[in-house]
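Asker: These protein sequences, in sequence, are chains A and B. Take the first sequence: its position 235, counted from the start at 1, is 234 in numbering that gives the first Met the number 0, and no numbers get skipped. Take the second sequence: its position 185, counted from the start at 1, is 184 in numbering that gives the first Met the number 0, and no numbers get skipped.
Keep in mind that the hints are not guaranteed to be accurate.
[Said to hold, decoys possible] Among chain B residues calculated to face chain A with C-beta under 10 Å, some are: (1) G74; (2) D95; (3) A103; (4) D104; (5) M118; (6) F122; (7) R123; (8) V273.
What the hints contain is simulated information worked out from the structure, not anything from laboratory work. Glycine is no exception: its CB is placed at the ideal position from the N, C-alpha and C atoms.
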Amino acid sequence: MSSAATTTDTKTTDAASDQAAGAGVRAVRRRRLLVLAARLAVAAVVIGGWQLATTVGWLDPFFFGQPSGIAGRLGDYFSQGSQATEFGSYWAQIATTLREAVFGFVLGAVTGIVFGVALGQNRFLADVFGPYIKIVNAIPRIVLGSIFVVAFGIGETPKVLLAAVLVFFVVFFNAFQGVREVDRNILANARVLGASPLQIVRHVVVPSALTWIIASLHTAFGFAIVGALVGEVLGAQSGLGLVIKTAQNSFDPNGVFATMFVIAVIALTAEWLITKLERRLLSWRPPAPSEAAAI
Amino acid sequence: MAARNEVATSPADGRTDPGNARIELSGVTKRFLTPSGEAFTATRDVTFAVEPGQFCAVVGPTGCGKSTTLSLVSGLDKPSEGSVRVGGREVSGITDGISFMFQADALLPWKTVLGNVAMGPIFRGVGKAQAHASARDWLRRVGLSGFEDHHPHQLSGGMRKRVAMAAALINEPSILLMDEPFGALDVQTKAIMQNELLTLWEQLRPAVIFITHDLEEAVALADRVVVMTSGPGSVKAVYDIDLPRPRGSVQTIRFEPRFLELHHQIWESLSEEVQRAYARTTGETS
Numbered sequence: 000m001s002s003a004a005t006t007t008d009t010k011t012t013d014a015a016s017d018q019a020a021g022a023g024v025r026a027v028r029r030r031r032l033l034v035l036a037a038r039l040a041v042a043a044v045v046i047g048g049w050q051l052a053t054t055v056g057w058l059d060p061f062f063f064g065q066p067s068g069i070a071g072r073l074g075d076y077f078s079q080g081s082q083a084t085e086f087g088s089y090w091a092q093i094a095t096t097l098r099e100a101v102f103g104f105v106l107g108a109v110t111g112i113v114f115g116v117a118l119g120q121n122r123f124l125a126d127v128f129g130p131y132i133k134i135v136n137a138i139p140r141i142v143l144g145s146i147f148v149v150a151f152g153i154g155e156t157p158k159v160l161l162a163a164v165l166v167f168f169v170v171f172f173n174a175f176q177g178v179r180e181v182d183r184n185i186l187a188n189a190r191v192l193g194a195s196p197l198q199i200v201r202h203v204v205v206p207s208a209l210t211w212i213i214a215s216l217h218t219a220f221g222f223a224i225v226g227a228l229v230g231e232v233l234g235a236q237s238g239l240g241l242v243i244k245t246a247q248n249s250f251d252p253n254g255v256f257a258t259m260f261v262i263a264v265i266a267l268t269a270e271w272l273i274t275k276l277e278r279r280l281l282s283w284r285p286p287a288p289s290e291a292a293a294i
Numbered sequence: 000m001a002a003r004n005e006v007a008t009s010p011a012d013g014r015t016d017p018g019n020a021r022i023e024l025s026g027v028t029k030r031f032l033t034p035s036g037e038a039f040t041a042t043r044d045v046t047f048a049v050e051p052g053q054f055c056a057v058v059g060p061t062g063c064g065k066s067t068t069l070s071l072v073s074g075l076d077k078p079s080e081g082s083v084r085v086g087g088r089e090v091s092g093i094t095d096g097i098s099f100m101f102q103a104d105a106l107l108p109w110k111t112v113l114g115n116v117a118m119g120p121i122f123r124g125v126g127k128a129q130a131h132a133s134a135r136d137w138l139r140r141v142g143l144s145g146f147e148d149h150h151p152h153q154l155s156g157g158m159r160k161r162v163a164m165a166a167a168l169i170n171e172p173s174i175l176l177m178d179e180p181f182g183a184l185d186v187q188t189k190a191i192m193q194n195e196l197l198t199l200w201e202q203l204r205p206a207v208i209f210i211t212h213d214l215e216e217a218v219a220l221a222d223r224v225v226v227m228t229s230g231p232g233s234v235k236a237v238y239d240i241d242l243p244r245p246r247g248s249v250q251t252i253r254f255e256p257r258f259l260e261l262h263h264q265i266w267e268s269l270s271e272e273v274q275r276a277y278a279r280t281t282g283e284t285s
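The shape of chain A in the complex, shown without the other chains (with noise of 0.2 Å):
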């Protein structure tokens, strides 16, 4: 008899609990439409207002631009090919500034990798070089770029060095905490069961630190992508940098706006394979709950 009344009552829970599941996906996916909704009107007001504000007058679209001239501008570049900027197609442009900002990142956080994971381990260096390090990232680096114009000319070498420069440090930051904060207990443990230094190396500090170091890549691109541009305004032959100081030069704001549209399609870009590359290695990790409900 209990038996029974056990089987009716999980019946009418399991029926209970079906209504609740149906009503929980409806909630989630009106409140998924009501953001979507939501972040269309904000792009809807701000760029509509802006293109009504500068049609009607309140601002100069010759200082401030206008959307639809962006717009145009944009058409033009993709589709003049080699008559679009002065120095060849806007897809060279494109190429070059992310040529020099690809190897400046893989040089900057090479390096930065190496070098964090060597100061973490090693307290000694760590407290030689530590102070001068923090000097270093005092200074405002981004001046370098003048002094490696001046150095290797206006070709492709200074960009990757000022994009490398300012990458590095990023990364090293992120490797050495990494490093720095790798479990005693679990060192411990890997010495115990013999491993030799190198191998304590690579199978317990790096992926420990990888966390950690992965996590400043995300803000490393875009550092690269600075440098590469800054470094191509001081003085460059091509690039999307010389794209904008020439727009510049020439009033055009429209220009600026375009290319710096580009630009950011191709750093979300990047995120966007740096997010992929961080699922595949660092897919060990328990998902964050946070995340889950953020996005």
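Since chain A is already given, all that's left is putting chain B on it; use the hints.
Answerer: Okay, now just chain B, sitting in the frame of chain A:
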């Protein structure tokens, strides 16, 4: 009356055999420098011995240098004074044939269960295929077949302890050091793990130094219980536990009159120290 050897169990008197894993600490003092440069004495004049194949539990109040003692035996740390010998040889560098189990997880969260257990052989230069084969075998022995490809965070606390146990035993150590290995488990899981530990220990018979706060656990598992004084730690008394082996279930042995008698006796000695430590360092942890 339990054999109660007051403080000194006779140190090296020529009986040591270099091939054996006899652990001897004699007159071991360990001081640490605090960041401000002051010396902090963790243990003072610790002397005791663990015979090969013997299960030795160390109990004492928090902050009495129990964990320090283990790191000295393992070679992770050096004594300030006195000598630590394993198999008749002075410990320098990591001691051979030793394994360590910590209270906190020492598993690598980015490796699978199989990868974690296979680490011991891989660090000793065994080929990957062979290491994985023996890791599989050990996972079967601790009852975790089918969980090879899971990551540690996907397992319960008790399962992680089993992985840690397999990882510690896979190198077939002659000495197993355990630092409150089951301290963070709930009571039921703890009892199950204690039984499993005893079963595996009886198969391999390594010498064990088992640190615990829990006197019941110490008496139920060990052949010898060392009571330490509150910090700086030194050996207060050593008790031999003459309960027969195999002990069977640790839950039922607790009700045997002999167990209660021993427990009562050791508790009298221990409780003094616990109260003294409590009075002195309220709120400090070991």
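Asker: Give a verdict on every hint.
Answerer: A quick look at each hint next to the structure:
1. For B:G74, the suggested interface contact is upheld, since its CB lies about 8 Å from the closest CB of chain A, less than 10 Å.
2. About 8 Å separates the beta-carbon of B:D95 from the nearest beta-carbon of chain A, less than 10 Å, and the hint is met.
3. Among the interface hints, the one on B:A103 holds; its C-beta lies about 5 Å from the nearest C-beta in chain A, closer than the 10 Å criterion.
4. Hint status for B:D104: holds, given a least beta-carbon distance of 8 Å to chain A, under 10 Å.
5. With its C-beta approaching chain A no nearer than about 6 Å, B:M118 sits inside the 10 Å limit, and its interface hint holds.
6. Taking 10 Å as the C-beta cut-off, the interface hint given for B:F122 holds, the closest approach to chain A being about 4 Å.
7. Nearest Cβ of chain A to the Cβ of B:R123: about 5 Å, under the 10 Å cut. The hint holds.
8. The interface hint given for B:V273 is violated, since its Cβ lies 26 Å from the closest Cβ of chain A, which is over the 10 Å cut-off.
Of the hints listed earlier, the one the structure fails to meet is number 8.
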